[in-house]
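Asker: Here is what each chain is made of, one letter per residue.
4 protein chains.
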Amino acid sequence: MSNTIGNKLKLTIFGQSHAPCVGAVIEGLPAGMAIDTDRVRAFMARRAPGGELSTARREADEIRIVAGLNEAGRTCGAPLCAVIENADARPGDYEALRDLPRPGHADYTAWVKFGGRNDVRGGGQFSGRLTAPLCFAGALCLQFLEEQGVHIAARIASVADVDDAPAGIPDEALLRYLSASPFPTLDAAAGEAMRRRIAAARDAGDSVGGVLEVFALGVPAGLGDPMFDGMENALAAAAFGIPGVRGVEFGEGFRAARMRGSEHNDAFRVSDGRVVTATDRHGGILGGITSGMPIVMRLALKPTPSIALEQDTVSLSGMENARLRVEGRHDPCIAPRAVPCAEAVMALVLADKILQGR
Amino acid sequence: MSNTIGNKLKLTIFGQSHAPCVGAVIEGLPAGMAIDTDRVRAFMARRAPGGELSTARREADEIRIVAGLNEAGRTCGAPLCAVIENADARPGDYEALRDLPRPGHADYTAWVKFGGRNDVRGGGQFSGRLTAPLCFAGALCLQFLEEQGVHIAARIASVADVDDAPAGIPDEALLRYLSASPFPTLDAAAGEAMRRRIAAARDAGDSVGGVLEVFALGVPAGLGDPMFDGMENALAAAAFGIPGVRGVEFGEGFRAARMRGSEHNDAFRVSDGRVVTATDRHGGILGGITSGMPIVMRLALKPTPSIALEQDTVSLSGMENARLRVEGRHDPCIAPRAVPCAEAVMALVLADKILQGR
Amino acid sequence: MSNTIGNKLKLTIFGQSHAPCVGAVIEGLPAGMAIDTDRVRAFMARRAPGGELSTARREADEIRIVAGLNEAGRTCGAPLCAVIENADARPGDYEALRDLPRPGHADYTAWVKFGGRNDVRGGGQFSGRLTAPLCFAGALCLQFLEEQGVHIAARIASVADVDDAPAGIPDEALLRYLSASPFPTLDAAAGEAMRRRIAAARDAGDSVGGVLEVFALGVPAGLGDPMFDGMENALAAAAFGIPGVRGVEFGEGFRAARMRGSEHNDAFRVSDGRVVTATDRHGGILGGITSGMPIVMRLALKPTPSIALEQDTVSLSGMENARLRVEGRHDPCIAPRAVPCAEAVMALVLADKILQGR
Amino acid sequence: MSNTIGNKLKLTIFGQSHAPCVGAVIEGLPAGMAIDTDRVRAFMARRAPGGELSTARREADEIRIVAGLNEAGRTCGAPLCAVIENADARPGDYEALRDLPRPGHADYTAWVKFGGRNDVRGGGQFSGRLTAPLCFAGALCLQFLEEQGVHIAARIASVADVDDAPAGIPDEALLRYLSASPFPTLDAAAGEAMRRRIAAARDAGDSVGGVLEVFALGVPAGLGDPMFDGMENALAAAAFGIPGVRGVEFGEGFRAARMRGSEHNDAFRVSDGRVVTATDRHGGILGGITSGMPIVMRLALKPTPSIALEQDTVSLSGMENARLRVEGRHDPCIAPRAVPCAEAVMALVLADKILQGR
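Chains as they are written, first to last, in the numbering used here: chain A, 2 to 359; chain B, 2 to 359; chain C, 2 to 359; chain D, 2 to 359.
Treat the hints as calculated values from the structure; they're not laboratory data.
One thing to keep in mind: the hints can contain errors.
No distinction is drawn between identical chains; accordingly, a pair holds when it is met within one copy or between any pair of copies.
No farther apart than 20 Å at their CA atoms in a straight line, the calculated lysine to any residue pairs in the SDA-like style are these [unchecked claim]:
| no. | residue 1 | residue 2 |
| --- | --- | --- |
| 1 | Lys9 | Asp172 |
| 2 | Lys9 | Arg118 |
| 3 | Lys11 | Asp204 |
| 4 | Lys9 | Gly33 |
| 5 | Lys9 | Phe145 |
| 6 | Lys11 | Gly329 |
| 7 | Lys9 | Ala97 |
| 8 | Lys9 | Arg47 |
| 9 | Lys9 | Ala174 |
| 10 | Lys9 | Gly116 |
| 11 | Lys11 | Gly358 |
Use the sequences and the hints to build the structure in full.
Answerer: So, in structure tokens, the structure goes:
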């Protein structure tokens, strides 16, 4: 079903932008986990709106765990359900939203699919607001993974035409650095240039896209299955659940298509009695199965479709051409706030695969 | 499970490169279909080895349908099972294969996962040979889709550094042209240059990668579901089942990350009483749901990991560094033979979503 | 996963007896449904505690729908989430509960499974309290089914040694009669005798079991699939989700095992231009597929394991024999309050199969 | 999907009575298993037709494993596919079969479901013939389970009005005795009486039903999950895949509904430092989770619907009443040949749950 993902660890997300709540049901966490709520809150705060480059909507994102804990506040083996109130939901002119689909949004396709009964308020179930419960679930998985020695962090690899510096093979220090950074890039100057691109787009009533790169270290070799249930299949299926993702690649990704085999193959080497590869162009996955090397995934995010400029659209009631100006303030670039979403997706899939075992 | 995909239309693939057979079980095809075996054969022939740019292995790919047809030879509602004998499987020095994992292959990761019990002959279950049953299933779905007015074709968008011409919004004529072409590109000169790159790599004992682009026309609006069960999620999860795929993107894909919202948004227009978009940068999918515009998916294929050049690897038995020269002849570029595989993946997912309904 | 069921209509139940809430996420309801809250409440009230023959726990069962409705209060295609506060949860002596597993309950098996971390308060996730969200989901499905012309009702077929009268082929009038009855039996005298058995058991500090029989009328022929996805498979898999169910049978069920084929086969007849059967010993299902005749399912419910009599058990901490007296008041017979649960299970599975289509 | 079952161990069955083949794909067996083909053959022979009380159809049931083994003949982690040729399939008058549905069979419901395109030859995909691949898969699981210390055997608990003696708590010796018996009952005289009932039914052109009881010993405590994924749910969902099953019960089953709690609860006791129950009325499952005590499941089998007596049916082409005499010889009682099927179902589910882990 559309809002459920995972196998041994299963996540179901519910809610719409202006429903009373958004939330998540998480089945399969090991019993006995003590949830570090400070870290959960800190992780979710990275996704929350705020700052000059993001939307003006304010949400406290107070999590209420309504099921799944025992009397000692530890996971008890039952599904964990967390509910987040939509405090700042506001009424509005819904009829206009129903009639004039916003370009680049799901308004039109949802209108077709649900026969005009979909929730149009703030994008309904297609809203970025639903990444709040995604990040909550991701925070729990990150905690579980840390106990397994797995660490995850993402960076903003590019915004518009500005690229961050190449990463090389990521290590723990890099991941700690990225996790602590409010706008995670390797090259501070590149980060500064990216911010300028975002500000310029905002000032022009426009938006820009970007690329995120997620790293996972300490993943044991042998996770994932051949063919349709490999790590890439599972990661991609989850990553396209983040609104705005248009492409997913692993290791060298699309760059691999321009390389020769002799350039792209990673040599196996023995190091400290373990098999490693000298380079990590394969991004930690061979044949759908982890190699023990760092996992590297990149996500392409489209420019925010909500822009202040007037656009061509149609009137669905009149079935005729129309013009539309999208009201309200919106993130001029999704990439910064999507960083924890990308980490959450990686965490969910790795936790699921670890719980499935080899 | 790893070898099964789909929901209402479910495909299970079995076999290994040197097992007695490869094959497929397909559940969910409508009862009453008369299978056009000539077209199935023609479609599968495009994947089969042959030609100066591909491996020397010869497989007749004779399909035996052992279940799923009634006495009139039509689908009967029961799972359809097709078996393809591995005629040209040859014995070899399996111990060496077990000991020295080939760089870029799943040999090492499978060794970890299956504790050294995996079938190493010819890559076992990770072999490109398993795309034969994938294409068989795809051929049946293509026939079903044609009855629904849906057409699918793919082209080779790039090989190494050679790009085909831009496609614009694809139409029926383009798809017919591509389907009839043995090396489908829009620009014949680009196709010729690609072939030269492949030949040069082969002569150098090396290989090259490429990008495939798949188009689907006539897809009704409203297919696919929000969040984790959207068209992109399902297509990507299936596409990463093709050996060698390292990236999947839709519409503008990674290029979208470099665009502004005003450049990337597709304006809605009314045309002949229907809602269309003036451009198709969204690749026919918005919010995981089809818009009725052509679907556009691109797959990045890595260079064939089997190369004739000597490479660094390890001895798993001795846990020490070693050298390896991969014997035998191999496709110096996967892209040409992967064209029907990409079409098959698109066909499987679209047939499944159509059978699921809106 | 354990708390999720269904395919096209998917239900996930969460909560524990003494967690802050119990609730349900329902994916796949058609968009545009206006929920008849009065009928939902009336249906759920049949399950709620109350009356002299049931537990003293008082729960208002106020439903809060936190997601899945549009601004007009209709289903919008997004997952519907309903939350029910556990108003009457009380603290207690949990250490004793952890140490002395109650005979006939899941205390011991949950202790093994969850390593002693399970929620023991009031039976935790194994509590009958979780049938509240099950009935909520069932009430929505019943409303959907009614719009499809499908009607469902259950009766108490037996309690202890008292059997209700045989039902014959059920009709609409019978179903209306049962739905309106607080203690649904065909034979009022039998119902009276059952109540006496329950009261006698209660007075003896003991409990009794019973059998429920669920009928569904107006189910179209052709639903369900062969072998592992037939109607019986799906209904049984759901029915065993009701705490205390020990057996499930269809049509003549176990009685069929004592019959001859000539007695058991139902003759096909043409009636009003439709194919019917003269009798309904097959309970509306042949080969896993509905025949269009009334569906008949019976569920065996064990006697409530919580009894006031002192029982033998073990101390898990000391790994030694012990004695236990279960405190509190409990339903001396599950059957009466399980009537809507049985109807809910039938409704969930039929709605799912109808949404899946033939 | 209808022909697939299981989670970590997944079985897909294909074939029809008169298709070229029946067979199975089994995903998830551990890599490295050496298949004991003699025992597989012996197990399957118990299901095969033969003997004076069964059908005259002769099938050698030669298994060909076409995928899933490595060069040493051991499982390799890839899906295992086995194909069984339908040697004795015979052409016949299919038009009559399409027109006159046999009472008690799936002919009519399949005609509705598949629009008359289903395979009618010998019952098509509804044929008992498909229990051959079920038993093959079961035989592999039994071998896996034996390595885990789990043993399974079934007995014929009743035929028509003849009951076998009560079993008490089953032990290893009982299971060995049953496994070695061609007509497994505890009481030889009861077995003899059952055979007489079957012979009498056969001589009268009629058939009889029966009940099977399956035992599993050595199952670790803690397998299975709460609510919808408990052991009963999974076992029942699989058991109803055997043609002719009309009821499934565990432990005391329907008898529990007539008992008091004080009679039905099993006291916990410490024995040899382990927790056991003094009796096994719960049939080894509490709250969906195994207790470590023997699992006890009973299946009600209806009398074979194919009888020699003339019966009332309808002509689907003329939509009018008709008479039908079912030709050919058939098993007058399914129970004896269903014994290994019941064991196979138990083995499949237990192997799946063990592979899923606690």
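Asker: Determine for every hint whether it applies to the structure shown.
Answerer: Cross-check of the supplied hints:
1. Neither within a single protomer nor between protomers do Lys9 and Asp172 lie at most 20 Å apart by alpha-carbon distance, with minima of 29 Å and 34 Å respectively.
2. Proximity of Lys9 and Arg118 under a CA criterion of 20 Å is satisfied inter-copy only: 19 Å between copies versus 33 Å inside one chain copy.
3. Taking the shortest alpha-carbon separations for Lys11 and Asp204, neither the intra-copy value of 41 Å nor the inter-copy value of 45 Å comes in at or below 20 Å.
4. Taking CA atoms no more than 20 Å apart as the test, Lys9 paired with Gly33 passes inside one copy only; the shortest distance there is 17 Å, against 24 Å between copies.
5. When the C-alpha separation of Lys9 and Phe145 is checked against a cutoff of 20 Å, the pair qualifies only within one copy, where the shortest distance is 14 Å, while the shortest distance between copies is 22 Å.
6. Taking the shortest alpha-carbon separations for Lys11 and Gly329, neither the intra-copy value of 35 Å nor the inter-copy value of 35 Å comes in at or below 20 Å.
7. When the C-alpha separation of Lys9 and Ala97 is checked against a cutoff of 20 Å, the pair qualifies neither within a copy, at 43 Å, nor between copies, at 32 Å.
8. In this assembly of identical chains, Lys9 and Arg47 lie within 20 Å of each other by CA distance neither inside one copy nor across copies; the values are 27 Å within and 35 Å between.
9. Taking CA atoms no more than 20 Å apart as the test, Lys9 paired with Ala174 passes in neither setting, with 31 Å inside one copy and 37 Å between copies.
10. Proximity of Lys9 and Gly116 under a CA criterion of 20 Å is satisfied inter-copy only: 18 Å between copies versus 34 Å inside one chain copy.
11. Within a single copy, Lys11 and Gly358 get their C-alpha atoms as close as 15 Å, and across copies as close as 16 Å, so both meet the 20 Å cut-off.
Checked against the numbered hints given earlier, this structure breaks hints 1, 3, 6, 7, 8 and 9; the rest are met.
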